[in-house]
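First to last, the sequence lines map onto chains A and B. If you use the working numbering, the first sequence closes out at 517, no skipped numbers anywhere. If you use the working numbering, the second sequence closes out at 517, no skipped numbers anywhere.
Any given hint could be a false lead.
Said to hold, decoys possible - Pairs of lysine-lysine, BS3-like flavour, derived with a Cα cap of 25 Å: (1) B:Lys-515 to A:Lys-263; (2) A:Lys-300 to A:Lys-223; (3) B:Lys-263 to A:Lys-300; (4) B:Lys-223 to B:Lys-202; (5) A:Lys-263 to B:Lys-263; (6) B:Lys-250 to B:Lys-202; (7) B:Lys-369 to B:Lys-498; (8) B:Lys-498 to B:Lys-300; (9) A:Lys-300 to B:Lys-222; (10) B:Lys-515 to B:Lys-493; (11) A:Lys-463 to A:Lys-292; (12) B:Lys-263 to B:Lys-223.
Calculated directly from the structure, the hints in this document are not laboratory data. Since the structure is predicted, the reported quantities are computational estimates derived from the model, not experimental observations.
2 protein chains.
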Amino acid sequence: MAGRYGKKALLVTGKQSMRKSGILDELERILGEAGIDSVIFDKVEPNPSYSTVEAGADTAISKKCDMVIGCGGGSAMDAAKAIAIASLNNKEISSFFEGETPSKAMPIIEITTTAGTGSEVDRYFVLTNPETKEKNATGFKCSYPAAAIVDPMLMKTMPPRLTAATGIDAFFHGLESYVSRLSTPISELYAKEAMRLIINNLYEAFRNGKNMEAREKMALASTLAGLAIDVSRTTLLHALEHPVSGHLNAVHGEGLAALSLAYMEFTLPLCPEKFANVASLFGEDIDGLPEQEAAMKSIDGMKKFLRKFGMDIGLRELGVNEDMIDVFVEEAGKSPISKTNPRPASPADMREIYLKSL
Amino acid sequence: MAGRYGKKALLVTGKQSMRKSGILDELERILGEAGIDSVIFDKVEPNPSYSTVEAGADTAISKKCDMVIGCGGGSAMDAAKAIAIASLNNKEISSFFEGETPSKAMPIIEITTTAGTGSEVDRYFVLTNPETKEKNATGFKCSYPAAAIVDPMLMKTMPPRLTAATGIDAFFHGLESYVSRLSTPISELYAKEAMRLIINNLYEAFRNGKNMEAREKMALASTLAGLAIDVSRTTLLHALEHPVSGHLNAVHGEGLAALSLAYMEFTLPLCPEKFANVASLFGEDIDGLPEQEAAMKSIDGMKKFLRKFGMDIGLRELGVNEDMIDVFVEEAGKSPISKTNPRPASPADMREIYLKSL
C-alpha cells in the first residue's frame, strides 16, 4: 500500500516500545518486501517538541525520504505530521502555530498502536514549545494522513495504565466534540457511538489486554472519536489540559481525567440535554428527572467510570501546585479550542476549574 | 457558494414541480445575485434515459456552461451527474455503463428536494437505456458532488405518496448497506441511524408534511443512508427493482416496497444477527428468541411499517406480470449490486422472489 505514496519512508516513532514489541522490525521487513527503503527516526518523546520535529525533518531531507510513516501513539503520529510539513516548507515548524499555512507536506501514513488519539484520521497535531513549555494544536489540509492503519493486534501489548489513559483521552474526544459549538448531526453520531463503545469496552481492555474483541471495539471507538473531533474539535477541557502535560510532562489522559469533573460541572448548565444523554450512556437512571438534574448525573457516571481505572486523581498527583495556575490560565485562554465550549469560560472560570481539580 | 465552482450553471431539473413550487425561480434569483448565469434544462423525466442526458450535455456545451446544478429528486440529481460527465468526455454516456472511466466532469452541485436518494452525497447515478429499458447504476470519483444542499424547507411541499416512496427508498439504502458484504463499522453506524430516524419520523412527515422536525430528521436520514451506500452500496433488492422501474416506469420506492418482504425472507438466514437488530429498530419484541426467529421478526416489522403508508403492495399493482420475469431475472443478474448480497442469489432464487412479490 505504501508504494502508492513514495519510495523511501522516514519511520517516525518513539524511543523504545515499538522496537521492543517487534512492531518496528516487522514494519521494516514489510516495507523492504514492497521495495520501499526506510530510515528510522526514533527520537520522539512523549509531548514532542519543536526541536524533535526539526531534527526529524533534517533527517528526512538529508536521507532524501519522500514519505513519512508515523508509528505509535499520538506523540509519534503527531510528530510524523509535523515532520512531513517541516521537510517541504522552508520555514520553522513553530511558524505554523503562529498563523502561517504550509503549502504542502510529504504523504503521511499513520499506524496507531494505542486507542486514544484518533490522530490517524484527523488533520491535527499537538507540539510543545521546548522553551516556554507551551503545548499547542494546529492542523491543515496537507496534514491529513494519506492512509491509516488501525489494527487492534498492535494494541495488545499496551500496559493497563496506558490503555486507561489513552482510552480516556478518546472518551473526551467523544464527549467534547459531542457538546462542542461546532458539532453537527454526523459528528454527534460518531461521538455518541465512540462514548458508548468506550463505556462498554475500556474496562475489559484494561483488565485483560489480550481480549481482542475489547481491543477491537476500543480501536473503532478511538477512530470514530478522531473523525468526530476532525469536524467539531475538542473544547475547554483539552485547552485546560495542554498546559498540564506541556509543563509537567504529564500523561495527557491523566491530565484530562483530573480536570474532567470540574469541567463537566462548569459546562453542563448550558447544554443539559447533551449531558443527560451522556448520563444515559453511563447507565445512570435519569428517568423523570428535570433536565439539569439528569445532566448532573453524567458527573456521577464519570466518577464511577474513572474509579474503575484508578484514574480518580487530582492535578496535585501530576505535580501541579497553585503557583502554576496563573500561567496555565493564560495559556489555556490563548487556545482556539477554549472557544468551542458551549459555555464560554472567563479567566476566573478557568482558574476555578483548575483549583477545584487540584 | 456556487461562485467557487463556475460562472455559468446548467440547472438540471424535472419537467414541472420545481417550477411550480417556485424553487427554480428562487434558485435563478440567488445565482443571479451571485453573478452566476444560469441555463435551465428541465427535461428530466422519472427514470431518466441516456438520450435525456445527451440532450442536456448538448445544451451545456452549446451554452458554454462550466458547472451543473441538479435540483430535484434522484432523477434530476443523477441526470446532473451524468450531464457533467457527458459534456466533458467525447464519448456517449452509455459507454460509462460498459466499463469506460471518464477522465473528468464539470463541478456538480446537488440540491435535494426529496428525502430518499442520498444521491447528493454519493458518486452514483442510475440511468435507463431507452431502447432496451435496462436501468443501470454507475459512479466515478469525478461524479462526486462538489457540494450538496440538504434543506428540509425544500421538502415541505412533497405530496404524501412521494414522501412515503422516497422515504422507503432511503430506508432500504440503510437496510441494504447495513447487510451488504461491503459494510464497514462506519457504514453500519450511518445505516442504523438512518433506519432508526426513518422508522421514527417517516410516518409523521407523511401524515403532516409541514412538520419541519420530521422533515429535518428525514433529510438527515436520507443523507446518512446516502453516505452508507457510498461505502457499501445497495444489494440484491435494488438489483431486482431496477428492471421494474426501468421497464414499467414505476416509482422506484414502490418497486422496492413490493419486493422487500420476499427479499428479506430470502436474505436473512445468512445474517440473522443484523436482521434481528432491524427487528429491534422496528420495536419488535425479540427478547429470548433464537437468532433466526428474531431475524424473522424484521419481516413482521416491515409489513406493519409499509401498511401505514399504503405501501403494502404487490408487483402486479405496478404492472408486472409473469411473462416479464425472465427478462427481469437476466437484467438483475447482470447488476454488480446483485453480488453484494450476504446471500448469493441464483437465477432460480431471483425468479422465486419476483413470483412471491407479484
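Hint check results:
Taking the CA atoms of B:Lys-515 and A:Lys-263, the gap is about 58 Å. The hint is violated against a cut of 25 Å. Among the hinted pairs, A:Lys-300 with A:Lys-223 is consistent with the structure: their alpha-carbon atoms are about 23 Å apart, no more than 25 Å. Of the supplied pair hints, the one linking B:Lys-263 and A:Lys-300 holds, its CA atoms being roughly 23 Å apart against a limit of 25 Å. A distance of roughly 18 Å separates the Cα atoms of B:Lys-223 and B:Lys-202; the hinted pair therefore holds under the 25 Å criterion.
About 24 Å separates the Cα atoms of A:Lys-263 and B:Lys-263, which keeps this hinted pair within 25 Å; it holds. Using a Cα cut-off of 25 Å, the hinted pair B:Lys-250 and B:Lys-202 holds, with the two alpha carbons roughly 21 Å apart. At roughly 40 Å between alpha-carbon atoms, B:Lys-369 and B:Lys-498 are farther apart than 25 Å, so this suggested pair is violated. Distance restraint check for B:Lys-498 and B:Lys-300: the Cα-Cα separation of roughly 21 Å lies within the 25 Å cut-off, and the hinted pair is therefore satisfied.
Restraint check: the Cα-Cα separation between A:Lys-300 and B:Lys-222 comes to about 35 Å, which exceeds 25 Å; the hinted pair is violated. Straight-line distance between C-alpha atoms of B:Lys-515 and B:Lys-493 comes to about 21 Å, which keeps the hinted pair within the 25 Å bound. Only pairs whose Cα atoms come within 25 Å are accepted, and A:Lys-463 paired with A:Lys-292 is rejected, the gap being roughly 33 Å. For the given pair, B:Lys-263 sits about 16 Å from B:Lys-223 by alpha-carbon distance, which is consistent with the 25 Å threshold.
Of the numbered hints stated above, those contradicted by the structure are hints 1, 7, 9 and 11, listed in ascending order.
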